[in-house]
Structures are given as C-alpha cells and as structure tokens.
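> Chains as they are written, first to last, in our numbering: chain D, 2 to 116; chain C, 15 to 132.
By construction, these hints were calculated from the structure, which means they are not laboratory data.
Among the clues, some could well be false.
Said to hold, decoys possible - Cross-link-like lysine-lysine pairs, in silico, DSSO-like; alpha carbons within 30 Å at most:
1. 72(D) / 42(D)
2. 68(D) / 41(D)
3. 36(C) / 53(D)
4. 72(D) / 36(C)
5. 63(C) / 20(D)
6. 36(C) / 23(D)
7. 91(C) / 23(D)
8. 72(C) / 20(D)
9. 83(C) / 72(D)
10. 72(C) / 23(D)
11. 83(C) / 10(D)
12. 72(C) / 37(D)
13. 45(D) / 63(C)
14. 20(D) / 42(D)
15. 53(D) / 20(D)
Said to hold, decoys possible - Here are the computed distance ranges between Cβ atoms for each label pair:
16. 96(C) / 27(D): 29 to 37 Å
17. 54(D) / 84(C): 19 to 27 Å
18. 78(D) / 84(C): 28 to 36 Å
19. 34(C) / 45(D): 41 to 49 Å
20. 22(C) / 60(D): 22 to 30 Å
21. 17(D) / 30(C): 28 to 36 Å
22. 66(D) / 91(C): 18 to 26 Å
23. 6(D) / 30(C): 49 to 57 Å
24. 34(C) / 4(D): 47 to 55 Å
25. 58(D) / 98(C): 50 to 58 Å
Backbone N, C-alpha and C fix where the C-beta goes; we use that ideal spot for every residue, glycine too.
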Amino acid sequence: DTAVSQTPKYLVTQMGNDKSIKCEQNLGHDTMYWYKQDSKKFLKIMFSYNNKELIINETVPNRFSPKSPDKAHLNLHINSLELGDSAVYFCASSPGLPAVLYEQYFGPGTRLTVT
Amino acid sequence: AQSVAQPEDQVNVAEGNPLTVKCTYSVSGNPYLFWYVQYPNRGLQFLLKYITGDNLVKGSYGFEAEFNKSQTSFHLKKPSALVSDSALYFCAVRDIGARGGATNKLIFGTGTLLAVQP
C-alpha cells in the first residue's frame, strides 16, 4: 500500500488555468506538507498543516491555496497558473510536532508543466 | 539565517569504494541535521538524522554520517558504494525562527548527485 500518494502524477496545462493536486497519506500522521522542487532540484517548503491547522505558510503567491479536509488529506489548488509555476510538487507527512524531530515521508511527486 | 551547503554538485565513485557526500551548516543554537535521498522520478526518502548524542549516526542502507561541531559539518559516508546508491542526496537543517525559537521547517541544501560506476 502506498504510504503517501499524490494525484495526478503529471499535469500539463496552459497559463491562466486553475488546477488542483491531491495528496493522501494512510500512515495516521498528524502533519502534512507541500514542497516545490524547481528545475535545478532546489527544494523548498510551501505549506504545512497539523491536524487540519495551518502551521507553516511560506512566502508563496496567494494564487496557491492549500486545503486540508481531514488530517489524512492535503490538497493544493493553484489559480491563474503561470509559466514559473512549472515544477515538481511533493506532498509529505510526519507523525507529529515538533515536526523536525520526525522523519518525513514523501509522495512520488506531481510534475506540473505550464505552457 | 540558518543554512546548509553541499559544496559538490556531483560525486563520482567506483563501486566498492568508500563514498563521502559533504554537508556544512550554519545555525544558531543546536543543529538538528538530516540526510534524505531522492532516486530518479521519486520522492525523497529519509536516511538518518542527528539531534543529540553520539556524533556518529547510523542510518538506512548502510549509510552513516558524522556530526563535527568544530567544523560545522555533517558528511554522509558509506564504506562500500553500490551502483544502486546512485541518486540525489540532500542535507537539511532545522530552521530557527526570527525570535530564536525552533520552527517546524527544514531547510534543504541544493543536493549532491552521487554517481557510482560499476
């Protein structure tokens, strides 16, 4: 069984569109994250939720909006997509807080290409 | 600001030889340090972490890392490399907030590509 799953795996869309990426974890973890990995493989955190509460909100455009309907799911919605949004987006989870004491489990990634 | 540096974009090693992937850090307070590995087209996988205690930390797949406070380093090592170890390796450090308190964020290095030749 996949521990952290993301859908879709690939997403190709045009500028200006709105898209969502879904993430689910079946590990029973309390904390979930969204990361962005750019073309140079640089990895940076975007958001984190703990038990559906937003605990990390990095400086990202407000076109990006995370939503956590329950602690097993964390979705990422992106409005008005731009070319610079092209990247691989990773979802991750960890058992609890403080999150940095626990290893994070990453999903397989969603490769977003904006044309 | 907290940071980690991985000075080598790529490390090449022959199978069976020892490998080292370098990481240096700059933090205020006690560092919490991590190594993750990313295989092609996959998400990151945890290898090991240093929080406190023994400076030599053992992790998954035969990897270990040595915490060196005086040199502010946390190099990843393995005695005998395998072709299957070829991957992208990330060092990470816990971030410290503006007021000096710990945050729940990790700051990742730029990654080092390890290529093990048969």
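> Lying within 22 to 30 Å: is that true of the beta-carbon distance residue 22(C) to residue 60(D)?
holds (29 Å)
> Starting from residue 36(C), check that the Cα of residue 53(D) is at most 30 Å away, please.
violated (37 Å)
> Take a quick look at whether residue 91(C) and residue 23(D) sit within 30 Å of each other, Cα to Cα.
violated (36 Å)
> Measuring from beta carbon to beta carbon, are residue 34(C) and residue 45(D) in 41 to 49 Å?
About 26 Å separates the Cβ atoms of residue 34(C) and residue 45(D), which means 41 to 49 Å is violated.
> Given the hint that residue 72(C) pairs with residue 20(D), test it: the Cα-Cα distance must not exceed 30 Å.
The hint is violated at about 41 Å.
> Would the pair residue 63(C) and residue 20(D) pass a check requiring their Cα atoms to be no farther apart than 30 Å?
Violated - the C-alpha atoms of residue 20(D) and residue 63(C) are around 35 Å apart, more than 30 Å.
> For the hint 50 to 58 Å, verify it against the beta carbon of residue 58(D) and that of residue 98(C).
Violated: the Cβ-Cβ distance is about 38 Å, outside 50 to 58 Å.
> Decide if the proposed pair is consistent with the structure: residue 72(C) and residue 23(D), CA atoms, cutoff 30 Å inclusive.
This hinted pair is violated, its Cα atoms lying about 34 Å apart.
> For a C-alpha distance cap of 30 Å, please report whether residue 68(D) and residue 41(D) respect it.
Answer holds: residue 68(D) to residue 41(D) is near 27 Å, not above 30 Å.
> Has the given pair, residue 36(C) with residue 23(D), been kept, meaning a C-alpha gap of at most 30 Å?
violated (35 Å)
> Hey, residue 72(C) versus residue 37(D), does the alpha-carbon distance stay inside 30 Å?
holds (28 Å)
> So the hint says 18 to 26 Å: do the beta-carbon atoms of residue 66(D) and residue 91(C) match that?
At 42 Å between Cβs, range violated.
Of the numbered hints listed earlier, those contradicted by the structure are 3, 4, 5, 6, 7, 8, 9, 10, 11, 17, 18, 19, 21, 22, 23, 24 and 25.
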